[in-house]
Amino acid sequence: MPKPHTDFDWTRSQFHLPDGMIYLDGNSLGPLPVATPARVARAMEPEWRDMLIGGWVKAGWHLAPERLGDRIAAMIGAEPGHVVVGDTLSIKIYQALAAALALRPERRVILSDTGNFPSDLYMAQGLAETLGNGTRLVTVAPEEVEAHISDEVAVLMLTEVDYRTGRRHDMKALTETAHEHGALTIWDLAHSFGALPVDLASCGADFAAGCTYKYINAGPGAPAFIYVAPKHAAQAQTALQGWQGHATPFAFEHDYRPAFEVTRMRVGTPPVLQLAALEAALDVWEQVDFEDLRARSIVLTERFIAGVEARCPQLRLASPRDPEARGSQVSFHFEEGYAAMQALIARGVIGDFRAPDIMRFGFTPLYIGESEVDGAVGILAEIMSGKLWDRAEYKVKAIIT
1 MPKPHTDFDW
11 TRSQFHLPDG
21 MIYLDGNSLG
31 PLPVATPARV
41 ARAMEPEWRD
51 MLIGGWVKAG
61 WHLAPERLGD
71 RIAAMIGAEP
81 GHVVVGDTLS
91 IKIYQALAAA
101 LALRPERRVI
111 LSDTGNFPSD
121 LYMAQGLAET
131 LGNGTRLVTV
141 APEEVEAHIS
151 DEVAVLMLTE
161 VDYRTGRRHD
171 MKALTETAHE
181 HGALTIWDLA
191 HSFGALPVDL
201 ASCGADFAAG
211 CTYKYINAGP
221 GAPAFIYVAP
231 KHAAQAQTAL
241 QGWQGHATPF
251 AFEHDYRPAF
261 EVTRMRVGTP
271 PVLQLAALEA
281 ALDVWEQVDF
291 EDLRARSIVL
301 TERFIAGVEA
311 RCPQLRLASP
321 RDPEARGSQV
331 SFHFEEGYAA
341 MQALIARGVI
351 GDFRAPDIMR
361 FGFTPLYIGE
371 SEVDGAVGIL
381 AEIMSGKLWD
391 RAEYKVKAII
401 T
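This note's numbering puts the first residue of the sequence shown at 1, with every later residue one more than the last.
Take these hints with a grain of salt, some might be off.
Unchecked claim - Pairwise CB distance ranges, derived in the manner of DEER restraints:
#1 L52 x F252: 50 to 60 Å
#2 V57 x R316: 15 to 25 Å
#3 E382 x F260: 50 to 60 Å
#4 L32 x Q237: 36 to 46 Å
#5 D9 x W243: 43 to 53 Å
#6 E291 x P80: 19 to 29 Å
#7 I399 x H16: 24 to 34 Å
#8 D170 x R316: 16 to 26 Å
#9 P80 x D255: 24 to 34 Å
#10 E286 x P356: 35 to 45 Å
#11 A325 x D374: 21 to 31 Å
#12 F260 x P105: 18 to 28 Å
Since the hints were derived computationally from the structure, they do not count as laboratory data. Even for Gly, the Cβ is constructed at its ideal location relative to N, Cα and C.
Using the sequences and the accompanying hints, generate a full structural model.
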């Protein structure tokens, strides 16, 4: 049965947002859901307090990575039983990449793009060095990826939505091209999940991974997830052979035997309190229709672009102009972008900066509407017209930008 039309007034009521703040950084860290403190508190009291170690069974802690994985699977078009939650996104990318390379042992090329998130590229570089068999990472401009998919490529590893510009790859088309050449695909969904509809099964994706602390609002350091397509699940090598991925972890055998299918991608002990926070966030997301979300996102981002371009001629659009070619963020080039962003933050508009000159704004319809868009445009216009960014304190680079 299809979900009813999404009630964005209701979703807005489900988040804590400070008075006077326009929060356009949910693509970096989502705000706190109203229900999360109570859900995390329950994991501590009575679960941890009264059950102690019994909570692993009585409170369902041990099976939470699979249980929450199935809830995420339903939201990203993945088959039940093929998503598991835990660890960080970098670790899940590493696992997916190692498994994919092992499935194509005769090939040595990992193909990615220059706009990919650096941590993904670092994982690929590190794994290639560890293998020491000539495996190498090749990166090309995002628009040139398809032309470089060849019979030499073992794995195509891409982030669907570019973290700097919001540019969106065509997952289905690129996966089909990769498969035509015998290559496997890994999709990083960090800026997709919670921003736009994802349908891994229909796209034929081989592996995917994503985080839950951005659009999903599961909190700082919230765990990542990994997807392994059914056709690979029984053969996928785990690379990181942690005890939670063992077929019988509490038999404490000396030798590793992988668990059944995606469960083998578990590594260490699950973070119970973070999983409780994720559970609370998913309760909200399960009331959201992703097609409604996407339509609303396009309305908001188009409104923001039009407003900024009309009132801030100093800024140059860095994101694709076609809304279908971008995710749920908008980025602008400005040579003093860092200082301008600090001026915005000082006035209650929260975005962020990405080197070398990108001012980045994320739009989450669950708690952002037209009034916030117009308010942000107005404040940005005041800053630009008055050169209010040109102050020494706004130009001092912080550790986190």
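Going down the list of hints, with the structure as the test:
no.: 1; hint: L52 x F252: 50 to 60 Å; result: violated (21 Å)
no.: 2; hint: V57 x R316: 15 to 25 Å; result: violated (57 Å)
no.: 3; hint: E382 x F260: 50 to 60 Å; result: holds (58 Å)
no.: 4; hint: L32 x Q237: 36 to 46 Å; result: holds (38 Å)
no.: 5; hint: D9 x W243: 43 to 53 Å; result: holds (46 Å)
no.: 6; hint: E291 x P80: 19 to 29 Å; result: holds (21 Å)
no.: 7; hint: I399 x H16: 24 to 34 Å; result: holds (25 Å)
no.: 8; hint: D170 x R316: 16 to 26 Å; result: holds (25 Å)
no.: 9; hint: P80 x D255: 24 to 34 Å; result: holds (30 Å)
no.: 10; hint: E286 x P356: 35 to 45 Å; result: holds (39 Å)
no.: 11; hint: A325 x D374: 21 to 31 Å; result: holds (24 Å)
no.: 12; hint: F260 x P105: 18 to 28 Å; result: holds (23 Å)
Going down the numbered hints, you'll see the structure goes against 1, 2, while the others check out.
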